[in-house]
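Asks: Taken in sequence, the protein lines are chains Y and R.
Going from the first sequence to this note's numbering is simple: count from 1 and add 196.
Going from the second sequence to this note's numbering is simple: count from 1 and add 196.
Hint data in this document are derived by calculation from the structure and do not stem from the laboratory.
Hints are not guaranteed to be accurate.
Said to hold, decoys possible - In silico DSSO-like links for lysine-lysine, alpha-carbon gap of 27 Å or less: (1) R:K314 with Y:K474; (2) Y:K236 with R:K421; (3) Y:K314 with Y:K262; (4) Y:K215 with Y:K204.
2 protein chains.
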Amino acid sequence: MIKTIEWKNNRVIMIDQRKLPGQETYLVSSNYRQVIKAIKEMVIRGAPAIGVAAAMGVALGAKAIKADNLKNFLNRFNKICEEMTRARPTAVNLSWAVDRMRRLVENSADKKIEILKKALIREARNLLSEDIAINKRLGFIGQKVIKNRATVLTHCNAGALATGGYGTALGVIRAAKEAGKQVQVIADETRPFLQGTRLTAWELVKEHIPVTLITDSMAGYLIKKGLIDAVIVGADRIAANGDTANKIGTYSVAILAREHGIPFYVAAPCSTIDRRIKTGEDIPIEERNEREVTHVAGRRVAPSGTAVLNPAFDVTPHAYITGIITERGILKAPFRRSIAGLWQKDKIRN
Amino acid sequence: MIKTIEWKNNRVIMIDQRKLPGQETYLVSSNYRQVIKAIKEMVIRGAPAIGVAAAMGVALGAKAIKADNLKNFLNRFNKICEEMTRARPTAVNLSWAVDRMRRLVENSADKKIEILKKALIREARNLLSEDIAINKRLGFIGQKVIKNRATVLTHCNAGALATGGYGTALGVIRAAKEAGKQVQVIADETRPFLQGTRLTAWELVKEHIPVTLITDSMAGYLIKKGLIDAVIVGADRIAANGDTANKIGTYSVAILAREHGIPFYVAAPCSTIDRRIKTGEDIPIEERNEREVTHVAGRRVAPSGTAVLNPAFDVTPHAYITGIITERGILKAPFRRSIAGLWQKDKIRN
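Next up, chain Y with everything else stripped away, as it sits in the complex:
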């Protein structure tokens, strides 16, 4: 099994996703600022994985606080939490995970600093194992929408590498395979960061799930030819009405799916749903460095004098989404109601 991130000997170890698939190297962080840097630079990416990294980063930061009283500890702890929250803006799992760490401290009966530090480390490690369990549950639920011999298109990487392990969109694929179905995947390369080429293809080859790589511009050609049975993607933030922010290019794939009458599924844990945000219009979209577009594989390909836009995400309106596959079931339209239902039934505490 691919280990995206782990806590070991009071250090956070992450596979360096910038270097895959050429090199399988691991980055060891011994302080929280290194974790923030790793998130910003996309050593680790994918909303659920960023959540786990943020929690472990906060635990690492808390552990190193030198404070002789609780007030000083909490001051410093809150600053670390704020700094962590700002690492990247779009994936809500980041602030969700940090909030969970904050709540642990707030709700702790025993406010001894050393006890709190240990509890924070335990919570961060729990978050990792919970995330894997959630993905497996989500995959098990979602695989029911995958027919035997299906060809599934995915965009970006919503696999083990985007999560604590197992994956969301690719978790559904893995679960379909475990359920005895033959599935093959068409992977969009996903410029500019090439998560499809470098990460999705790598994961699937490792597990002997047939994968065919295409450029993002080829999805329409294959869908029009009737070669795709379903689209499944991950999510970085889902608004209360189901509008879904995900990797740039997801919106185009959703439009293509609708135009050709094939189902378009989002697979994400409930922690990716942000009920405070009413519609996708209000989801902050990160604009990343121009260099990701002007350079390819480290080499400049654009002439100088060119302006560049590099929005890292786009928003797919809920009307284009067939279903949102979560660990609590597959949400269907009307999404505002099905999403609210998750909390009304008191299934989720936060």
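On the provided structure of chain Y, position chain R as indicated by the hints.
Replies: Here is chain R on its own, set in the frame of chain Y:
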């Protein structure tokens, strides 16, 4: 002015488009097989430019034929023509240009070999200057659809580098600028060959036309935000019903344009219309080498074990096309009738 291709001292000189924008180098071909290789390897690309190159290649081939009688000359000449026609399958301008060279020989009153050789060279050079004139006319006609301060999205490169000079889609932009309008261009990078990044951006920067580069996956984001006023692309082959083959990814852009109610124009000379082909279903789509997808800027980015698809073109059904801008006017739906009308009125001889 950018010189895409020229005939000089009985050699064909082409700017090497594989090396732009990093290096401005010129490839000199002294025999027709070098021209075929240059077309196959995309030293020169773009349907009208391929047409000019094919004609010059045929002239180069004919010039070198050592034959002591007309029959032997024609035998060899026809073989060269056939070989040239097979260089690439999708752009119809290639076979159109070769057919024109053939007809010149068939219709020539004087069948002396040396006379024919000279006439073929003259014809190939005429084809180049005609192409530039056609583009200027097409641009002049097309610029009327561009409003002042418009932002135009284009895919791939349908500029001076895709033609004898001036360009089709970018010819419309140039003509709009010459007509005193402010225009800015959003250029899709156009994976896998990056014609948008390397060629369109380079051409426009050279002419001080504002250009902003995006990855192919970002077009939907910008269109949804209302930042694009019109889409203009080139064409590799247009069927009798208006269905248009163009660079892979064009179809997705057309769907996005339709979904958001913005006009989608194709700009192409009449030589790109293939009346023998009834619908886009019958246009042959070239499948190119996997390496273009697995490698980026010369470096392998995909893991081994990944299958790859690399269709170089897709077909946009006529229903998504607002108008086809030609040197004979802007064709509108119903396209079968407007296209047939070009020949019925005896405006075009072939």
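Asks: Now tell me if each hint is right for this structure.
Replies: Okay, the hints, checked on the actual structure:
Straight-line distance between C-alpha atoms of K314 (chain R) and K474 (chain Y) comes to about 73 Å, which puts the hinted pair past the 27 Å bound. Using a Cα cut-off of 27 Å, the hinted pair K236 (chain Y) and K421 (chain R) holds, with the two alpha carbons roughly 26 Å apart. Taken as a hint, the K314 (chain Y) and K262 (chain Y) pair is honoured in the structure, with Cα atoms around 14 Å apart against an allowance of 27 Å. For the proposed pair K215 (chain Y) and K204 (chain Y), the alpha carbon gap of about 22 Å is at most 27 Å, so the pair holds.
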